[in-house]
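Below are the chains, spelled out letter by letter.
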Amino acid sequence: MAFESWQAFIEMGGYGFYVWLAFGISFAAIAVLVINGFGARVKLQREFIKQQQRQQRLAQRKKEVS
Amino acid sequence: MSTLLTVKQLVSQRAGRTLFADLSFDLQRGDVLHIEGVNGAGKSTLLRALVGLVQLQAGDIRYFPESALPTDANDWRQQVLFLGHKPGVKAELTALENVSLQAQLSGVESIEPWQLLATVGLLGLEDLPAGQLSAGQQRRIALTRLWYSQAPLWILDEPFTALDTDGIELLQQRFAEHTAAGGAIILTSHQPLTWQPTRLQRLRITGGDE
Amino acid sequence: MNSASNWQAFRAVMRRDLMVVMRRRSDILNPLLFILMVVSLFPLAVGPGPDILGRIAAGVIWVAALLSALLGSERLFRDDFLDGSLEQLTLLPQPLALLAAAKVVVHWLLSGLPLVILAPLCALLLKLPLQAWPTLVATLVVGTPILSAVTAIGAALTVSLGRGGALLSLLLLPLFIPLLIFASGAVEASLVGTAAWPQVLLLGGLSLLTLLLAPFAVAAAIRVSVN
Amino acid sequence: MWRWLHPYAKPETVYHLLGRWLPWVAGTATLMLAAGMVWGLAFAPADYQQGDSYRIIFVHVPTAMLSMSLYVGLALSALIGRVWQLKMADWALSAIAPVGLTFTFISLVTGAIWGKPMWGTWWEWDARLTSQLILLFLYIGVLALYHAFSDNRSGAKAAGILAMVGVINIPIIRYSVEWWNTLHQGSTLTVFERPPMANSMLVPLLVSILGFSLLAASLIFQRMRNEILRQELRRPWVKQELAELATQQPAMKEQS
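Residue numbers (full-length UniProt numbering), protein chains in the order written: chain A, 1 to 66; chain B, 1 to 210; chain C, 1 to 227; chain D, 1 to 256.
Do not take every clue at face value.
DSBU-like, lysine-lysine: derived pairs with alpha carbons at most 35 Å apart [said to hold, decoys possible]:
1. K239(D) <-> K8(B)
2. K8(B) <-> K87(D)
3. K116(D) <-> K50(A)
4. K116(D) <-> K8(B)
5. K10(D) <-> K87(D)
6. K239(D) <-> K43(A)
7. K50(A) <-> K8(B)
8. K62(A) <-> K10(D)
9. K50(A) <-> K239(D)
10. K63(A) <-> K8(B)
11. K10(D) <-> K43(A)
12. K8(B) <-> K62(A)
13. K62(A) <-> K239(D)
14. K116(D) <-> K43(A)
15. K43(A) <-> K62(A)
16. K239(D) <-> K10(D)
17. K87(D) <-> K86(B)
18. K63(A) <-> K239(D)
19. K63(A) <-> K50(A)
20. K62(A) <-> K50(A)
21. K10(D) <-> K116(D)
22. K10(D) <-> K50(A)
23. K63(A) <-> K43(A)
Reference excerpt, derived from the structure (chain B facing chain C, CB under 8 Å, subset only) [as the list claims (entries may be wrong)]:
24. R174
25. A176
26. E177
To be clear, the hints were calculated from the coordinates, so they are not data collected in a lab.
In this text, a Cβ means the ideal position worked out from N, Cα and C, and glycines have one as well.
Work out the full structure: start from the sequences and follow the hints.
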């Protein structure tokens with residue numbers, strides 16, 4: 001352990017603001033990337049459902065015509 | 001070697017939609033293949049795929065299948081003439097310049113541009129910039145290629161678009177000459193042909209239906 | 001079958017492009033006027049003192065050149081794409097990279113070369129000390145071909161999109177950074193009295209490399225765009 | 001002329017393969033990252049010159065390294081896609097690019113933050129930071145081009161060509177920026193070029209590098225799976241896959 005107390009750990013020898021800012025931004029950016037990846041999947045599912053509905057409408061129209 | 005082209009089991013999907021699947025046909029010398037289908041059925045895609053402008057999902061396209069020589073890409077490109085929707089006519093250049101530059105690009109040196117323009121009925125408009133001509137007249141400039149091209153296979157996407165009845169008549173006469181001389185034509189058209197080719201094949205693309 | 005040799009097709013493409021642009025002279029003139037105006041904005045913005053102007057002159061001229069290259073680049077393939085000439089080019093038996101090279105050469109003749117001729121005037125306006133003029137012209141001579149070739153890649157990639165403008169700058173400007181650095185570095189070297197030829201030579205090498213490789217990238221990009 | 005445009009690798013197989021690997025890779029990545037970060041932040045000794053501010057190195061260096069190699073990977077997959085007509089390689093582009101962009105962004109921002117206590121300014125035109133900034137521009141260009149196409153396939157191909165052009169340019173850019181930096185006598189503080197490190201710092205750094213690499217891999221796997229689904233949306237197996245997922249989340253279904 002390089003630090004004697006929690007307080008010292010947070011302070012980082014006076015550089016606490018910079019160190020924690022750097023780490024904070026880094027992991028926030030990664031979190032955004034991960035969430036975005038899951039979001040894309042959800043969007044795909046929505047698209048898929050829409051597509052199915054479109055197909056159903058098309059099939060229904062065909063039935064009506066014939 | 002009378003077979004110009006064989007096509008086997010072409011599959012095309014665009015934007016997740018199946019345009020056609022398992023499409024196969026042969027084309028002999030003297031054949032006319034009329035491709036029919038509603039808007040968006042994939043007619044243009046098919047023609048563009050035949051000349052390699054579009055990559056299809058699967059299938060085999062073979063020019064001169066009976067030829068013993070290995071036919072590399074440059075070989076077939078000289079044997080095929082493709083005219084798409086867009087005429088490829090430069091609006092800034094005159095009709096005359098367009099015709100002679102087009103011929104130079106296709107490697108034909110000995111043409112009579114005046115003669116060609118007279119043939120397609122553009123006499124008197126030779127030195128006007130093509131941009132000032134109507135769509136049908138621009139189309140006629142592009143179509144002059146059919147009068148000097150030595151390619152046996154013509155692939156024409158909607159050749160009759162914007163042409164008047166005289167123009168359509170003229171073009172069909174040229175088609176008849178070409179097929180009589182042992183050439184073959186693949187074309188798409190919404191209008192029925194008024195001319196009856198001796199060997200006409202029809203291909204209907206339904207498109208979209210799975 | 002009489003098909004054109006590669007050289008004939010190359011010349012035919014060049015002739016057609018030259019003729020087309022000659023009918024639209026404003027397309028050549030406007031980017032040059034643009035450079036002239038950008039250059040004359042700087043004395044107004046930072047003051048006409050020769051010490052400041054002389055120091056930033058090379059940089060300003062080069063930045064203006066980059067921007068003007070972007071300005072005209074959209075038209076490089078746009079008309080050919082819209083009227084169908086581009087797809088006819090891809091169907092010719094000749095290698096597409098060669099025909100693309102012909103278009104790049106024409107583009108350089110009508111945008112790069114006038115820039116070289118215009119350079120002394122810009123240098124004059126910006127009070128660039130006389131000893132740096134030859135270097136400035138030399139960097140423009142060897143640097144503008146890079147500009148034309150790389151611009152052609154970007155223009156070919158975005159030609160089918162219809163709204164290339166801002167996107168094109170986004171793609172191309174990072175690629176121009178080495179050019180900018182070495183060219184203005186060379187002029188600066190001759191300003192402080194050290195040898196500028198290493199940078200000019202380096203630029204020449206880069207220029208050759210770019211001219212050799214870019215046509216293939218342009219050809220590949222055209223094939224994607226006409227798809 | 002003849003050509004057989006057959007799929008070399010079946011997307012379905014790759015999709016399921018990636019799905020099987022993903023939890024393991026992501027799990028290991030989390031463990032390694034946690035270990036690397038805790039070790040680097042709390043256990044590694046302070047630097048005798050820079051004190052504790054140097055601890056930013058444990059994110060800055062791994063992300064900077066990966067941002068470069070991911071761009072090379074991007075260009076490589078584009079090259080493979082072109083040469084062997086492998087559509088899967090084309091798709092990989094859209095999976096790699098956002099990850100590379102994020103890593104470049106992180107390395108740039110952490111570099112700037114690290115620079116503040118060292119140089120006294122948030123931005124210094126230091127050679128390394130400048131190169132990183134240009135790399136960010138290159139990534140933005142590739143992604144912007146990809147998204148500008150309405151057809152994903154053309155977009156991937158076009159962006160691939162741009163990535164290949166960019167990767168040839170990267171060494172030239174690096175060299176030019178370094179030359180420019182020495183020419184202008186810019187920042188001489190060699191924050192980023194450090195003397196050989198003591199093992200007590202080097203080992204946690206290596207652990208972090210490994211952790212970030214695995215993180216990049218799992219992010220790419222996740223995005224690649226999405227991309228396969230998007231490209232193959234009409235295939236029966238995708239329909240089955242998505243239908244299963246839709247029934248697992250009934251709330252989703254009502255929403256749309």
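Could you grab the alpha-carbon distance between K116(D) and K43(A) and see if it respects the 35 Å cut-off? Status violated; Cα separation ~40 Å.
Are the Cα positions of K239(D) and K10(D) separated by 35 Å at most? At roughly 16 Å apart (the allowed maximum being 35 Å), K10(D) and K239(D) satisfy the hint.
35 Å Cα cutoff - pair K239(D), K8(B): With Cα atoms ~28 Å apart, K239(D) and K8(B) stay inside 35 Å; holds.
For K116(D) and K8(B), compute the direct alpha-carbon distance and say whether it is at most 35 Å. Roughly 66 Å between the alpha carbons, so the hint for K116(D) and K8(B) is violated.
Verify the proposed pairing of K62(A) with K239(D), using a straight-line Cα cut of 35 Å. holds (22 Å)
Regarding the pair K50(A) and K8(B), is the alpha-carbon distance no greater than 35 Å? holds (34 Å)
Against chain C, with CB atoms and a cut of 8 Å, does the hint on E177(B) hold up? violated (19 Å)
Restraint status (C-alpha distance of K8(B) to K87(D) at most 35 Å): Holds, at roughly 21 Å.
Given the hinted pair K10(D) and K116(D), is their Cα-Cα distance within 35 Å? violated (50 Å)
Compare the distance between the alpha carbons of K87(D) and K86(B) with 35 Å, and conclude whether the hinted pair is satisfied. Between K87(D) and K86(B) the Cα gap is close to 29 Å, so the pair holds against 35 Å.
Grab the minimum C-beta distance from R174(B) to chain C and call the hint holds if it beats 8 Å, violated otherwise. violated (19 Å)
K10(D) paired with K50(A) [C-alpha distance capped at 35 Å]: holds (26 Å)
This entry does not satisfy hints 3, 4, 14, 21, 24, 25, 26, going by the numbered hints stated previously.
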